[in-house]
Amino acid sequence: KNQVEQSPQSLIILEGKNCTLQCNYTVSPFSNLRWYKQDTGRGPVSLTIMTFSENTKSNGRYTATLDADTKQSSLHITASQLSDSASYICVVSPQRNAGNMLTFGGGTRLMVKP
Amino acid sequence: DAGVIQSPRHEVTEMGQEVTLRCKPISGHNSLFWYRQTMMRGLELLIYFNNNVPIDDSGMPEDRFSAKMPNASFSTLKIQPSEPRDSAVYFCASSLAGQTEAFFGQGTRLTVV
Numbered sequence: 001k002n003q004v005e006q007s008p009q010s011l012i013i014l015e016g017k018n019c020t021l022q023c024n025y026t027v028s029p030f031s032n033l034r035w036y037k038q039d040t041g042r043g044p045v046s047l048t049i050m051t052f053s054e055n056t057k058s059n060g061r062y063t064a065t066l067d068a069d070t071k072q073s074s075l076h077i078t079a080s081q082l083s084d085s086a087s088y089i090c091v092v093s094p095q096r097n098a099g100n101m102l103t104f105g106g107g108t109r110l111m112v113k114p
Numbered sequence: 115d116a117g118v119i120q121s122p123r124h125e126v127t128e129m130g131q132e133v134t135l136r137c138k139p140i141s142g143h144n145s146l147f148w149y150r151q152t153m154m155r156g157l158e159l160l161i162y163f164n165n166n167v168p169i170d171d172s173g174m175p176e177d178r179f180s181a182k183m184p185n186a187s188f189s190t191l192k193i194q195p196s197e198p199r200d201s202a203v204y205f206c207a208s209s210l211a212g213q214t215e216a217f218f219g220q221g222t223r224l225t226v227v
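Protein chains in written order, with the working numbering: chain X, 1 to 114; chain B, 115 to 227.
In case anyone wonders, no lab produced these hints; they're calculated from the structure. Don't be surprised by glycine CBs; every beta carbon is placed ideally from N, CA and C. Worth double-checking, as some hints may not be accurate.
[Unchecked claim] Result set (SDA-like, lysine to any residue): computed pairs, CA atoms no more than 25 Å apart in a straight line: (1) X:K1 / B:Q213; (2) X:K37 / B:G173; (3) X:K37 / B:N144; (4) X:K1 / B:E158; (5) X:K37 / B:E158; (6) X:K1 / B:S172; (7) X:K71 / B:G212; (8) X:K37 / B:L160; (9) X:K37 / B:S201; (10) X:K37 / B:A211; (11) X:K1 / B:R155; (12) X:K37 / B:E176; (13) X:K1 / B:G156; (14) X:K1 / B:E176; (15) B:K182 / X:T103; (16) B:K182 / X:R42; (17) X:K1 / B:I169; (18) B:K192 / X:G41; (19) X:K37 / B:Q213; (20) X:K71 / B:E158; (21) X:K37 / B:T152; (22) X:K71 / B:E215; (23) X:K37 / B:R223; (24) X:K37 / B:K182; (25) X:K37 / B:Q220; (26) X:K37 / B:G212; (27) X:K37 / B:S141; (28) X:K37 / B:G130; (29) X:K1 / B:P168; (30) X:K37 / B:H124; (31) X:K37 / B:R155; (32) B:K138 / X:K1.
[Stated by the list, open to error] Label pairs and their in silico Cβ distance ranges: (33) B:L210 / X:T70: 28 to 36 Å; (34) X:K113 / B:P184: 41 to 49 Å; (35) B:N165 / X:P29: 24 to 32 Å; (36) X:T56 / B:N165: 34 to 42 Å; (37) B:A211 / X:T51: 16 to 24 Å; (38) B:R223 / X:S10: 19 to 27 Å; (39) B:T190 / X:S7: 32 to 40 Å; (40) B:S172 / X:D69: 41 to 49 Å.
Using the sequences provided together with the hints, build the complete structure.
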C-alpha cells in the first residue's frame, strides 16, 4: 500500500531558528514529491517539487532534499519567521500523469514563536 | 486569476439535512478534485473529474455523497442526509490534465450538529 509518513507531527521553534521536517514514503513507482504549505484556514499551496533525479532544491528559505534510494525527503527551513507557522504536507505522485493518484502525508504542524 | 473558488466558507447544519458545497475551478484547468480533511485522517481524495467526467469516485464514503460537474467552470458536492461524522473541511482543487500540482481552494468548513 502506498504510504507517506511525516515526522514530527508537530514542532515548536523560536523565531530565527532553523528546523527540518521529514518525509518517508513507500509509493512505487515514484515520479515526484511535492512539499505543500497549508496556512490555518486556507488550502495547501505547493512550495517545491522534487523529481527522481533531483537531490536538492531551494525556494528562498526553504530547501528540500530527496534520497530516492532510501525513499526519504526533508524540508529545511532557515531563519524561521512567524509567517512560517503552518502545516507542511508531503505529497508523492506514483507516475507522471497522475493527478488523481497523489498520496498525502499527515503533515507536520509547525509553530514559530517570537 | 482568482484561483479556485469555493462556497460557502463555513456551513453549520443539523443532522439529516442536505448540504451542497460549490466549487469554481481555475479557468482552463480540466481536472477537478474534491478532498476532505480531518485531523484524524488528513487529506483524502473523494472524487476526481477530468473534462467534466467523473473518473475515480472510489473515495466517496457512501451513497449519501454525490458530486456533479455540469460544465467546465462549476462543480458541486452534495451530502444527503448529513451526519455528524461528515464534519470536516472540504477542499476543491483543480489542475491541468497530466500535471501533478493541484491548486486548492480555501475550503468549506462543514459542521453537522
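Right, here's what the structure says about each hint:
Restraint check for X:K1 and B:Q213: satisfied, since their Cα atoms lie roughly 23 Å apart, inside the 25 Å limit. The hinted pair formed by X:K37 and B:G173 meets the criterion: a straight-line CA distance of about 23 Å does not exceed 25 Å. For the given pair, X:K37 sits about 24 Å from B:N144 by alpha-carbon distance, which is consistent with the 25 Å threshold. Distance restraint check for X:K1 and B:E158: the Cα-Cα separation of roughly 15 Å lies within the 25 Å cut-off, and the hinted pair is therefore satisfied.
Between X:K37 and B:E158 the alpha-carbon distance is near 17 Å, which keeps this suggested pair within the 25 Å criterion. As the CA atoms of X:K1 and B:S172 are separated by approximately 16 Å, the hinted pair is consistent with the 25 Å bound. At most 25 Å may separate the alpha-carbon atoms for a hinted pair to count; X:K71 and B:G212 meet this at roughly 23 Å. For the given pair, X:K37 sits about 21 Å from B:L160 by alpha-carbon distance, which is consistent with the 25 Å threshold.
Of the supplied pair hints, the one linking X:K37 and B:S201 holds, its CA atoms being roughly 23 Å apart against a limit of 25 Å. For the given pair, X:K37 sits about 22 Å from B:A211 by alpha-carbon distance, which is consistent with the 25 Å threshold. Between X:K1 and B:R155 the CA atoms are separated by roughly 16 Å; this keeps the pair inside 25 Å, and the hint holds. Annotation: proposed proximity of X:K37 to B:E176 is violated, straight-line Cα distance about 30 Å (limit 25 Å).
Under the criterion of a C-alpha separation no larger than 25 Å, the hint pairing X:K1 with B:G156 is consistent with the structure, at around 17 Å. With a CA separation close to 22 Å, the supplied pair X:K1 and B:E176 stays within the 25 Å bound. Restraint check for B:K182 and X:T103: satisfied, since their Cα atoms lie roughly 24 Å apart, inside the 25 Å limit. For a cut-off of 25 Å, the pair hint linking B:K182 to X:R42 stands: about 24 Å separates their Cα positions.
A distance of roughly 21 Å separates the Cα atoms of X:K1 and B:I169; the hinted pair therefore holds under the 25 Å criterion. The straight-line distance between the Cα atoms of B:K192 and X:G41 is roughly 22 Å, inside the 25 Å bound, and the hint therefore holds. Restraint check for X:K37 and B:Q213: satisfied, since their Cα atoms lie roughly 19 Å apart, inside the 25 Å limit. Straight-line distance between C-alpha atoms of X:K71 and B:E158 comes to about 22 Å, which keeps the hinted pair within the 25 Å bound.
Distance restraint check for X:K37 and B:T152: the Cα-Cα separation of roughly 16 Å lies within the 25 Å cut-off, and the hinted pair is therefore satisfied. With a CA separation close to 20 Å, the supplied pair X:K71 and B:E215 stays within the 25 Å bound. Between the alpha carbons of X:K37 and B:R223 the distance comes to roughly 18 Å, so the proposed pair stays at or under 25 Å and holds. Under the criterion of a C-alpha separation no larger than 25 Å, the hint pairing X:K37 with B:K182 is inconsistent with the structure, at around 28 Å.
For the proposed pair X:K37 and B:Q220, the alpha carbon gap of about 13 Å is at most 25 Å, so the pair holds. This hinted pair checks out: X:K37 and B:G212 have alpha carbons roughly 22 Å apart, not beyond 25 Å. Between X:K37 and B:S141, the direct Cα distance comes to roughly 23 Å. Compliance with the 25 Å bound is thereby established for this hinted pair. This hinted pair does not check out: X:K37 and B:G130 have alpha carbons roughly 35 Å apart, beyond 25 Å.
Of the supplied pair hints, the one linking X:K1 and B:P168 holds, its CA atoms being roughly 24 Å apart against a limit of 25 Å. Under the criterion of a C-alpha separation no larger than 25 Å, the hint pairing X:K37 with B:H124 is consistent with the structure, at around 21 Å. For the proposed pair X:K37 and B:R155, the alpha carbon gap of about 17 Å is at most 25 Å, so the pair holds. Annotation: proposed proximity of B:K138 to X:K1 is violated, straight-line Cα distance about 33 Å (limit 25 Å).
In this structure the supplied range 28 to 36 Å holds for B:L210 paired with X:T70, their Cβ-Cβ distance being about 31 Å. About 47 Å separates the C-beta atoms of X:K113 and B:P184, a value consistent with the hinted range of 41 to 49 Å. A C-beta distance of roughly 25 Å is found between B:N165 and X:P29, which places it inside the suggested range of 24 to 32 Å. With their beta carbons about 37 Å apart, X:T56 and B:N165 fall inside the hinted range of 34 to 42 Å.
A beta carbon spacing of about 19 Å between B:A211 and X:T51 agrees with the range 16 to 24 Å that was offered as a hint. Checked against the given bound of 19 to 27 Å, the beta carbons of B:R223 and X:S10, roughly 21 Å apart, stay inside it. The given range of 32 to 40 Å is respected by B:T190 and X:S7, whose C-beta atoms sit roughly 37 Å from each other. Checking the proposed 41 to 49 Å range against B:S172 and X:D69 shows it is violated: the Cβ atoms sit about 31 Å from each other.
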